[in-house]
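Hey, can you work out the whole structure from these sequences and the hints?
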Amino acid sequence: MSTGAVGRAYPRLEGREKVTGTARYAVEYPVDGITYGWAVPSAVVRGRITRVDTSEALASPGVLAVLHHGNAPRLAPGPEPELWLLQEPTVHYRGQYVAVVVATSLEAAREGARLVRIDYDAASHSTVLTDDHPGLYQPDHVNPSYPTDTAEGDFDAGYAAAPVRVDVTYRTPAYHNNPMEPHATTAQWHDGRLLVHDSNQGASSVRATLAELFEVSPESVRVVAEHVGGGFGSKGYAKAAVVLTALAARHVDRPVKLALTRQQIFGPIGYRTPTIQRVRLASDADGRLTAICHDAISQTSTIREFAEQTAVYTRSMYAAPHRRTTHRLVRLDVPTPFWMRAPGECPGAYALESAMDELAIAVGIDPVELRIRNDTEVDPDQGRPFTSRNLVTCLREGAQRFGWADRDPTPRARRDGRWLVGTGVAGSSYPARARPSSARATARPDGSFLVQINATDIGTGARTAIWQVAADALGVPPERVEIHIGDSILPTAPVAGGSMGTASWSWAVIRAAQALREKLRDGGPPTGEVTAEADTADEVGGQPALPRYAYGAHFVEVRVDADTGEVRLNRMLGVFAAGRVVNPTTARSQLIGGMTMGLSMALHEEGLLDERYGDWVNHDLATYHITGCADVESIEAYWLDERDDELNPAGVKGIGEIGIVGAAAAVANAVHHATGVRIRELPIRLDKLIGVSDLA
Amino acid sequence: MQGGPENTTTIDERHSSRVTFEVNGEPRQVTLDNRTTLLDTLREHLDLTGAKKGCDHGQCGSCTVLLDGRRVKSCLVFAVTVDGRSVVSVEGLAGPDELSPLQAAFIAHDAFQCGYCTPGQLCSARGMLDEVSRGWPSAVTDDLNTPAELTDAEIRERMAGNLCRCAAYPHIVAAVRETATSS
Numbered sequence: 001m002s003t004g005a006v007g008r009a010y011p012r013l014e015g016r017e018k019v020t021g022t023a024r025y026a027v028e029y030p031v032d033g034i035t036y037g038w039a040v041p042s043a044v045v046r047g048r049i050t051r052v053d054t055s056e057a058l059a060s061p062g063v064l065a066v067l068h069h070g071n072a073p074r075l076a077p078g079p080e081p082e083l084w085l086l087q088e089p090t091v092h093y094r095g096q097y098v099a100v101v102v103a104t105s106l107e108a109a110r111e112g113a114r115l116v117r118i119d120y121d122a123a124s125h126s127t128v129l130t131d132d133h134p135g136l137y138q139p140d141h142v143n144p145s146y147p148t149d150t151a152e153g154d155f156d157a158g159y160a161a162a163p164v165r166v167d168v169t170y171r172t173p174a175y176h177n178n179p180m181e182p183h184a185t186t187a188q189w190h191d192g193r194l195l196v197h198d199s200n201q202g203a204s205s206v207r208a209t210l211a212e213l214f215e216v217s218p219e220s221v222r223v224v225a226e227h228v229g230g231g232f233g234s235k236g237y238a239k240a241a242v243v244l245t246a247l248a249a250r251h252v253d254r255p256v257k258l259a260l261t262r263q264q265i266f267g268p269i270g271y272r273t274p275t276i277q278r279v280r281l282a283s284d285a286d287g288r289l290t291a292i293c294h295d296a297i298s299q300t301s302t303i304r305e306f307a308e309q310t311a312v313y314t315r316s317m318y319a320a321p322h323r324r325t326t327h328r329l330v331r332l333d334v335p336t337p338f339w340m341r342a343p344g345e346c347p348g349a350y351a352l353e354s355a356m357d358e359l360a361i362a363v364g365i366d367p368v369e370l371r372i373r374n375d376t377e378v379d380p381d382q383g384r385p386f387t388s389r390n391l392v393t394c395l396r397e398g399a400q401r402f403g404w405a406d407r408d409p410t411p412r413a414r415r416d417g418r419w420l421v422g423t424g425v426a427g428s429s430y431p432a433r434a435r436p437s438s439a440r441a442t443a444r445p446d447g448s449f450l451v452q453i454n455a456t457d458i459g460t461g462a463r464t465a466i467w468q469v470a471a472d473a474l475g476v477p478p479e480r481v482e483i484h485i486g487d488s489i490l491p492t493a494p495v496a497g498g499s500m501g502t503a504s505w506s507w508a509v510i511r512a513a514q515a516l517r518e519k520l521r522d523g524g525p526p527t528g529e530v531t532a533e534a535d536t537a538d539e540v541g542g543q544p545a546l547p548r549y550a551y552g553a554h555f556v557e558v559r560v561d562a563d564t565g566e567v568r569l570n571r572m573l574g575v576f577a578a579g580r581v582v583n584p585t586t587a588r589s590q591l592i593g594g595m596t597m598g599l600s601m602a603l604h605e606e607g608l609l610d611e612r613y614g615d616w617v618n619h620d621l622a623t624y625h626i627t628g629c630a631d632v633e634s635i636e637a638y639w640l641d642e643r644d645d646e647l648n649p650a651g652v653k654g655i656g657e658i659g660i661v662g663a664a665a666a667v668a669n670a671v672h673h674a675t676g677v678r679i680r681e682l683p684i685r686l687d688k689l690i691g692v693s694d695l696a
Numbered sequence: 001m002q003g004g005p006e007n008t009t010t011i012d013e014r015h016s017s018r019v020t021f022e023v024n025g026e027p028r029q030v031t032l033d034n035r036t037t038l039l040d041t042l043r044e045h046l047d048l049t050g051a052k053k054g055c056d057h058g059q060c061g062s063c064t065v066l067l068d069g070r071r072v073k074s075c076l077v078f079a080v081t082v083d084g085r086s087v088v089s090v091e092g093l094a095g096p097d098e099l100s101p102l103q104a105a106f107i108a109h110d111a112f113q114c115g116y117c118t119p120g121q122l123c124s125a126r127g128m129l130d131e132v133s134r135g136w137p138s139a140v141t142d143d144l145n146t147p148a149e150l151t152d153a154e155i156r157e158r159m160a161g162n163l164c165r166c167a168a169y170p171h172i173v174a175a176v177r178e179t180a181t182s183s
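If you're matching them up, the sequences are chains A and B in order. Position 70, counted from 1, in the first sequence is what full-length UniProt numbering calls 70; the numbers after and before it change by one each time, with no gaps. Position 57, counted from 1, in the second sequence is what full-length UniProt numbering calls 57; the numbers after and before it change by one each time, with no gaps.
If you're looking for bench data, these hints aren't it; they were derived computationally from the structure. Given the structure is predicted, the values throughout are model-derived calculations rather than measurements. Check each hint, because a few of them may be wrong.
Claimed, not checked - A short list of chain B residues far from chain A (calculated; beta carbon distances all over 10 Å):
hint, residue
1, S17
2, K53
3, A148
Claimed, not checked - For the chain B half of the interface with chain A, some residues (derived, Cβ under 10 Å), not all of them:
hint, residue
4, R18
5, F21
6, C60
Where a beta carbon is used, it is the ideal one built from N, C-alpha and C, also for glycine.
Okay, here's the thing in structure tokens:
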């Protein structure tokens, strides 16, 4: 008895709070007796702290304490070495937080941090990823649990025998998530119980980690994340800010708020690893792929293995009889890389979808047609049919909307005044997964309902989407439903990440609503509150392992200044097949947000590492460029009306990452079409274009 | 357990100032450490947390407020310099329980996602529309002798100082355009 809330465009439930400034983020809750923490990063890359001199800092007005490895409260050595902060004199990477100053004001804390003197024994370091690094090794698996290497057929023989071959290497730099709200926490200890207001993507897992680190019961930890100023993966698990703040609050026995500075979040809270990717494609004279190989190299740290699944995209995207993928890692003296929007798929698709463009040119067929020709209904990796695969429909509809049909493939053949104009296309795909969740639904005597689940809305529109799903599942108009999320006292739920939030949360909400309706049916009209809970662990765990994917196609037109090499986006258009779309308003925003981040990756973003200091030198928003308002002239997202009964009760595939996957390749392919210059090392800066071509 | 003895030293009179200024139409008086920025004054001393701290270096625009009607990045303004002046933050863009047309347009066009840059976008847009009404040109204005027409290119350029990592840019432009044309 759906009331039709799902599929309808609703404005965000918290919109009013956000436009009036009353939505409170992690360090915006008024707390009596609050103090301020300021983190101190290490000044060496690798080494050992030999002395911490806090005298000057402690003498500075307002400073209450300086925490460091010699005096900080002890943490349990948990499963996450990155979070074992202020526990040891060892420095693993530059920027590691080695001290925290607590003071009665922000100004005093900042000044105190400046006055902390730390001496180090510095050791030599290695911080630059190269394809011949002596430390290259084969990890046991890649994230989250994929095989490191795969092979079917005989790639070498298949490749050697093919009439058309492409052998190209692409490089991507370090990318920094840069949510607009830096990682920030307010922490309070009361009678051995910890309350944190924290900026994260999943309060349930943060609570579990804090309980483990501080060796207290999960019930004595409460994590509130009502409003979160973006995450893009970087707030996926408990991160340094929440640990440092909780340590500081315990140490000074007062509430503490600590926000990492913009400069401090370039690295220590995670970043997208640089990659070096060699892609080899072979086809027959008609462009039918016969051999595919994708060899990916990325970096991890010395304290934890993080193996970006860069080549996994290539395993299931296009078919060929001879196939091979490999991943190699190097342990460098760097902060551990972490999730950034579509980890694995995003850099991997940049390489494969760029190589497909190069193959299309080598074969002499249209790049849309090349992808259609190599479509497959059966997952080449698993050998089973996809539950649904609408890549071709996305390509065709996109081509039609974009006006691709009469495209002249000749590079550098269109001029508009001083601008060279070109168009590019790329495919996109991202797995559609779900994780176990729990939820609670309550019927109130006045006819209204309360739905509770510890989901997190980091800007995705999750709060609104779950509310719509709940209304339909309860069979009531959404106006009668109240939704509570973003607090670990609510039923446990998984992280907002991996494009599986809505799938996972709505599953539990639907089951709780169904259980509640059963109860109400049995008991007649309620006189008091009636509550039902659901936990989908068994159901999700018992789901058959089928290849479930969302798909998309990106179309891009750029113009390139023939004199300066400046690249401007004329228009970007994406068509996606992502299952059911719960809320067209917030879905469109998610998709264009992902596409824009892909544009940003292609043209603007680049973490520039200085090997002498083992750190990124452009660690602020003036020098680490992200796409701004003036860079986005026209961007459109469309989606297919897709039904897939093998997904989850809400029928959603997730839309948080599909928008970024392939987007950078479409931009790079358009730049090639405009200029005839193939840049295989992102970002496509004007100096690279002007350096290798006689543009004028 | 304390790492050192309780530090009872406080900021003395030489390093603090009494600042009197108007915030969202109300007179306010605060005694502040001279190092305090306008942004931290609003957030930490007046519980006006609408203005956001995204970078604290004037690079992201999240802290934008109106100072005597003109948009400023409040993280770059020392509070002692606003004595006797007037500040409007996002909390003052409309009366209590009201929305300004711009705020309503932001909701209608879904011109934000996480919402963290939004107060800065709104104050910036308000200030920008006033600049346009005064005939101020921007970097993309072709003819400096006639008042600029508020094209999308003008809006994009004039709003380029406010970063949005969620990338709600086209919706921000649409909301500003609608507000400009209906007022």
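Structure-based check of all given hints:
1. S17: holds (13 Å)
2. K53: The claim breaks: B:K53 does not keep its Cβ more than 10 Å from every Cβ of chain A (closest is about 7 Å).
3. A148: holds (15 Å)
4. R18: Violated. Min distance 16 Å.
5. F21: violated (18 Å)
6. C60: Given a least distance of 5 Å, the restraint on B:C60 holds.
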